[in-house]
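Please build the complete structure, drawing on both the sequences and the hints.
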Amino acid sequence: MEFKRVLGRRRSFHYFATWRPVEREKIQAMLEAARRASRAVNTPFFKAVVTYRDRLSQEERNQFKTAWEPTVFDFAPVSIFWYHDTEARVAYVDRLKRPGVPSGALQDNAVMAPLLGWSRRFLSEVILPELLAPGGRSAPPARGGNSDAAMAMEQALLCAYDEGLAATLVPFDEDGARTVLGVPEVWEPLLAMLVGYPAESWEAGGQAPGLPFEDVFFAGSMDTAFERDPQVVARLQSEELIQEQAPIAWRKHEIRGLDRMFRLPASR
Amino acid sequence: MSVPFHLLDRPITEYIGVKLWLEEYGQFWGIPPSMIDQELSSSLLILERFCAFVGKDPDQIAGECLRPSKVGEGVMLRTKARREYIGLIADFERKEGSRASGSAVRSFFIHNGVAMTPSALR
Amino acid sequence: MEFKEVVGWRRSIRFFAPWRPVEREKVQAILEAVYRAPKVLELDIVRCVVIYRDALTAEQLESIRSPINSAQIDMAPVYIQFFADLQAAERAMDGGHLKELIDLDLLPASFGWTHDYVDRVIVPQVYKRILTDSNRVVVGRRPPLLQEVEEQAQARAGGGRTVVAVEAEPATLPLSLLVLANTAVGIAQAHALLSAFDEGLGAHLCGISPVVMKQLCRIPDYWHTGASTMLLGYHAGSWEDGGQRPREPFEEDFFEGRYGTPFVQDPGVVGRLKAERMIQDEAPLAWRRGELSALADMLGLPK
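Residue numbers (my numbering), protein chains in the order written: chain X, 1 to 268; chain Z, 1 to 122; chain C, 1 to 303.
Just so you know, the hints here were simulated from the structure itself, not pulled from any lab data.
Since the structure is predicted, the reported quantities are computational estimates derived from the model, not experimental observations.
Hints are not guaranteed to be accurate.
Quick list of in silico lysine to any residue cross-link-like pairs, SDA-like style, CA-CA up to 25 Å [claimed, not checked]:
(1) C:Lys39 <-> X:Val232
(2) C:Lys128 <-> X:Trp68
(3) X:Lys252 <-> X:Asp215
(4) C:Lys99 <-> X:His253
(5) C:Lys39 <-> X:Ile242
(6) X:Lys26 <-> C:Gln265
(7) C:Lys214 <-> Z:Arg83
(8) C:Lys39 <-> X:Phe213
(9) Z:Lys95 <-> C:Glu62
Simulated restraints, written as ranges between beta carbons of each label pair [as the list claims (entries may be wrong)]:
(10) C:Glu25 <-> X:Gly164: 24 to 32 Å
(11) Z:Ala90 <-> C:Pro267: 46 to 54 Å
(12) X:Ser201 <-> C:Gly268: 27 to 35 Å
(13) C:Val211 <-> Z:Ile31: 36 to 44 Å
Beta carbons are placed, not taken as given, at the ideal position from N, Cα and C, and that holds for glycine.
And the structure:
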């Protein structure tokens, strides 16, 4: 699918086709997309565990839930739990066979070149000993999220749409998930990605409104808004990045129908 | 033509830092050891002129930018010295009126482990 | 461009054509892609400042350079700096935006979304907990006071005064808020990076001092940046840029069902993704050093 259409199609979906399994190959495609995301010093800060709703008991699924949209864990056929591996950098230094800066792979592959100030000696005799020094290697793992791990997660999410799937990000309970998934303590939770074929329309009520564009984007400094050129907006509408915004006239009818189909409590 | 320079008490290719430069340069760019002197002949002359410009030999220059690591093996960058040399290289480049002169000297520093980049040409 | 091809062509591009400006409409298209990124917990937290290299004074440009990024800074005509507005969670405490989404039928009542649920559960149990997380983490130190800077300058100039380092108070944030901020920024950066390549540009996330970027962008204290700056421009070299970067074995990253059970990579899927150009030839490419040598000559960079 065209890139901009993928971005435009993304929404927070709720109603997944509970009866339709997701092909494993599509999940793999999402994970492959995550692996191709940008990452500092070529370190994989992300980790993910793929679970299948039908292989988990209701009790296990309940352990994932928080106050934020708990029901969707019962709808989506696949839940992928994304984590930030707080020991990723340590592991990368310890295991020099990995293709990161410490191993020299980026230098050998001419990604980090003398043109940009990098050399084998800088790597092996300046950078590496510093990383291996007690303060460098044994520094305690840092929690606090990681934008690189989030980037990988987002590339997987967008790939879901490219594969004809819908996906939604929700928080999950750290302790409950650790009990069910057995992940290491040093993994810090990011978000759960719920994946499936949508039971609702691709419009899913339309694109959500947000802050005005000019309150989010600035030129030069935050004193000057980045003015939105309507011609660019028109181009992006034709490329389907910008789509019809909520409310959509028939959405209430769609929700009523979906609630009847899933025997959910009646809508307002 | 080599510039007479009293601080160089032996041919420039006999300094440890220069040997390292030639070896590392050859390795990265795939130039056999037998051809590296020829490949970098003009760069070696430029480095000699830079040595005259700052009044130090190649090993003194590299030594000022790197010091033995306090922990374990390896070396540590002296960032203040590196900044000073970045400025001196820029001065030298202006004096010679040639970016190639600056690039040759920077290559010596980089392959000795002193990471640096100049501004890019526009 | 097809989505998978965009993912496949993305590299950390470090060589830009310094003489070729980026059209404003392409910058806007990138921002529009960020605008459509998912909002974690429906919080509008990400902010971006677009900086045009040629609009900076020589002093400003020098302030963002470091010994190992000068060339990249000089080559890229545009920088996009990402921030997280930490007051976004506080502003959401009235639940107003969530109630708007409920009223627009985007958050269905059958999934528990009501105004009452927002007031009674989401605001106190989700938003408030983030803001009041007693687990705080250090996110930097406050910048030196002007007086300290002047003293250091005098000492450097040989003024003879001894500079005593003042133990600055570390700046801290609630851990949950920092996780939220970094996650939101990362999601936005994924959209921005991919969109750049879709627009025919190259991009790279480059480490520039957050303190300097905060000053340059004149942002308030409650905007946080720990994020790299996105450098943007037209490729100076090939789109291959040496090939896709090598990765660790797939099975080290992903697990199926439970940690300890690797998600085994199916080579058939890899084959499909190669055909769709998401997986491309991996570095090193045989001709890379020839290209680098040519780039060095063209851009005046050392070999």
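Do the hints match the structure? See the list:
1. Distance hint between Lys39 of chain C and Val232 of chain X is fulfilled; the C-alpha atoms sit about 23 Å from each other, no more than 25 Å.
2. Proximity of Lys128 of chain C to Trp68 of chain X is assessed by CA-CA distance (about 13 Å); at most 25 Å being required, the pair is judged to hold.
3. Distance restraint check for Lys252 of chain X and Asp215 of chain X: the Cα-Cα separation of roughly 31 Å exceeds the 25 Å cut-off, and the hinted pair is therefore not satisfied.
4. Annotation: proposed proximity of Lys99 of chain C to His253 of chain X holds, straight-line Cα distance about 20 Å (limit 25 Å).
5. Proposed proximity of Lys39 of chain C and Ile242 of chain X is supported: the alpha carbons are some 16 Å apart, at most 25 Å.
6. Between Lys26 of chain X and Gln265 of chain C the alpha-carbon distance is near 12 Å, which keeps this suggested pair within the 25 Å criterion.
7. At roughly 24 Å between alpha-carbon atoms, Lys214 of chain C and Arg83 of chain Z fall within 25 Å of each other, so this suggested pair holds.
8. With a C-alpha separation of about 14 Å, the suggested pair Lys39 of chain C and Phe213 of chain X falls inside the 25 Å cut-off, and the hint holds.
9. A threshold of 25 Å between alpha carbons decides the hint, and for Lys95 of chain Z with Glu62 of chain C the separation of about 21 Å falls inside it, so the pair holds.
10. Under the hint 24 to 32 Å, the C-beta atoms of Glu25 of chain C and Gly164 of chain X, about 30 Å apart, fit the expected range.
11. Distance hint check: the CB atoms of Ala90 of chain Z and Pro267 of chain C are about 52 Å apart, consistent with the given range 46 to 54 Å.
12. As the Cβ distance of Ser201 of chain X to Gly268 of chain C is approximately 32 Å, the hint placing it in 27 to 35 Å holds.
13. A hinted range of 36 to 44 Å for the beta carbons of Val211 of chain C and Ile31 of chain Z is consistent with their spacing of about 42 Å.
The structure is inconsistent with hint 3 alone, although it conforms to all the rest.
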